[in-house]
Each structure stands twice: as C-alpha cells, then as structure tokens.
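Construct the complete structure from the given sequences, taking the supplied hints into account.
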Amino acid sequence: MIGERPSSGADAGADTGEVRELARARAGDVAAFGALVRRHQERVFRFLHRMLDAREEAMELTQDVFVKAWQALPDWRPEAAFSTWLLQIARNAALDQLRRRQLVRFAPLEEGLEVADDAPGPEARYASRQRQAQLERALQRLAAEHREILLLREVEGLAYGELASVLGIAEGTVKSRLARARSALLEHFDPHTGASHE
Amino acid sequence: MNSSCPTGSCAPGPCPPDEALSALVDAALPSEAGAGLLAHCAGCPRCTRRLAELRALGDAFAALPAIRLEVDLAAQLVDRLQAGAPAAARKRGQGPWWVRWMDRIRPPTPWRFAFSPFAGSIAAVGLGLWLGGMLMELEEPVSPPAANTTLAAMSVFGSVPPGNLCPRAGACGASGNAR
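Which chain is which? The protein sequence lines are A and B, in order.
Here the first sequence stands for residues 1 to 198, numbered as in this note's numbering.
Here the second sequence stands for residues 1001 to 1179, numbered as in this note's numbering.
Calculated from the structure, these hints are not laboratory results.
For each residue, glycine too, the CB sits at the ideal point set by N, CA and C.
Hints should not be assumed to be uniformly reliable.
Capping the alpha-carbon separation at 20 Å, the derived lysine to aspartate or glutamate pairs in DMTMM-like fashion look like this [unchecked claim]: (1) LYS175(A) <-> GLU1032(B); (2) LYS68(A) <-> ASP96(A); (3) LYS175(A) <-> ASP1018(B); (4) LYS68(A) <-> GLU56(A); (5) LYS68(A) <-> ASP1079(B); (6) LYS68(A) <-> ASP1072(B); (7) LYS68(A) <-> GLU18(A); (8) LYS68(A) <-> GLU42(A); (9) LYS175(A) <-> GLU1019(B); (10) LYS175(A) <-> GLU1053(B).
Derived, one-sided and incomplete: chain A residues facing chain B with beta-carbon distance under 7 Å [what the hints assert, rightly or not]: (11) GLN41; (12) PHE45; (13) ARG46; (14) VAL155; (15) SER183.
Right, dumping it as structure tokens:
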C-alpha cells in the first residue's frame, strides 16, 4: 500500500481486558458493561456530537446507544469489533434522530456557506479557530451520508473494511462514497485557508 | 477529475478520478497502483493540487478541537441498567432451545406480565369459563310434564278473559267461571 496517511484503524483489536469485560457483560455483569462504556463513551459521543451538532442531544443519544448495546449484547458476535458495532448503533441512532428533526439531506445542498472572513486574524491561533469553525459548519451542510463517512474515516480513523461494516455497504462503495464526500466538502471548504469557495 | 491534464505538463496516462486520489490519501490502493498515481501526480499540476487539497482536508480534520464528554456516563448507565434489567433478564435468548422458548412466553417481571398479551389471553379464557359455568348452574333440569297438569298460563288464550263471567253455560271450564 502506498500513501502518506497511514490507515489508522483504531479498532484493530480489542485488548484482553476488553475481551474479558465483554465476556462478563454478555453473561449479565452490569459492572463489566460499565467498564466497556467507559472505554467507548468518548468515541461514541464525539461521533454523535459531530453528526448532530448538539451537545445535549448527543449526550442523551450516547446513553441510548449504550442501553441498546446492552440489550443487544447477546446478539453481538466476536467476529465484529465491539467499537465498530457500537458505532454502527450510534450511526443508526444519529440518522433516526436527524430524520426526527427532518434535517436529513440525501443530496448535497446547492447553497454554500457564507463567505468566511478572509482577513487574517491578529494571531495565527485565531485563524486556526476560524478554519475549524468553518470546517464544522461545512460538515453540517453536507448530506448525512457524506458527513458520517467523513467523520468515521477522518476523525474516528476507521479502515475501509470497518466503514463497510458500520455503514452496511460494500468496500467498493466505501471508496466511491468517500471520494464523493471529500469532493462535496471541498466545494464548500478550502482546507488551506478555511474559506468558502462561494 | 476525469479531464486530461494540460498538454506539456502531463505525466503519463490520463488524470485519475477523484476516487483513486482519495484512496491514495487513505493508503487504500495496491502498491503498484499507488506508485503509478504518484508518478502521474509528479508531472501533473492539476492532480498535484487535488492531492494536496485532499491531504489538507485530512489535516484540517485532525486539527479539529477535541470534543469531551466530561461526564461519566458509565456510572449513570450502570445504575439505570441495574434498576431496569436484572442479570436474569440479561440471559434471555441464551441457553438451549426450550429455555429460549420459555423465555419468550415468560415475561421477566410480574408487572410486565400484567401488561403482556399472555395475561390478556389467560384472563379472556378464564372469564369465558367462569361465565359458562354460571350459565350451566342457572339451567335447571327439564322434567316431563305430568299428564294432568293444567297450564294456567294457557288460559290467556281462552275465549273468555280471566275473571269474566261465562256468557253461556259450558263455555268456560268445569267451574263455570272464567279463570
């Protein structure tokens, strides 16, 4: 494989502690499940927060995700990485929530972002914050299917196989969807300056 | 990114699609394909620019501020789960087939049982049996009427209403009076 950004499959394998906790949790040990929650709560919350762009909502949904995981734990099979499985539940929960909000967009929006303030800030730090804010706003303008795949790849570092598992699509589709998502984001966001292209 | 590169500055071959460049950024291409793409990009300003944009996008994501939960959800969840899902209930769906089948028909708690379809079915059957039993008790055994029994009720069909005087002798019963 050639490429400058190494694939960072954060879910490559659960450590032995997690394996033990999973076994105990599957046998009904709530405390062991609590330990699993501690391991994964930040990741699930981060993903939901960026999908929904609402902290409180993401927090509630994170709890719901773990409750669903607890209920479905007997159905979980070790062949699927636990954190990937959790992200799958989180992804479904996020889409349900967005549907409830009626904010799901299955096609990229045509309208662009407001033009960013191109004037450089007094400090580079300020400019950096502007870029981050612009990226977050650009993400919210994307279709949900583009936003989720970008977050799972770029922020959570899922490998293509894991993306296919979480999103329920073929790896070939992962490749094309990811390319379309990046392309859509680049239409709204200049990663060098943080400015909108419109 | 399917268009050809400007003449003169192009590397060998047509410009790759965005999909290939995107996969290159993710290190998701086979070695030969990746090397070919890099060779192309080295001689193609357009593809070089596009590749740089895709990489910068990754860098921009990496620079996003961390989002922290700042709450221990685990503690809240453990309390919630211990209150709502006893360990026995957790084992539903596990074990041999007959245990799983029993799990399906045996709700985990009496309170949930009260609202389950089983409770409704059992109540309906029980009520039916009870009402049926009551009807059976109300029905008295039918005995054949005695030969000389006079059905007083039939007198209403007589020609003379009960209590009236007989219009002529023999028009009424043996007593001579209408009953």
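Run through the hints listed earlier and report the numbers of any the structure violates, in increasing order. none
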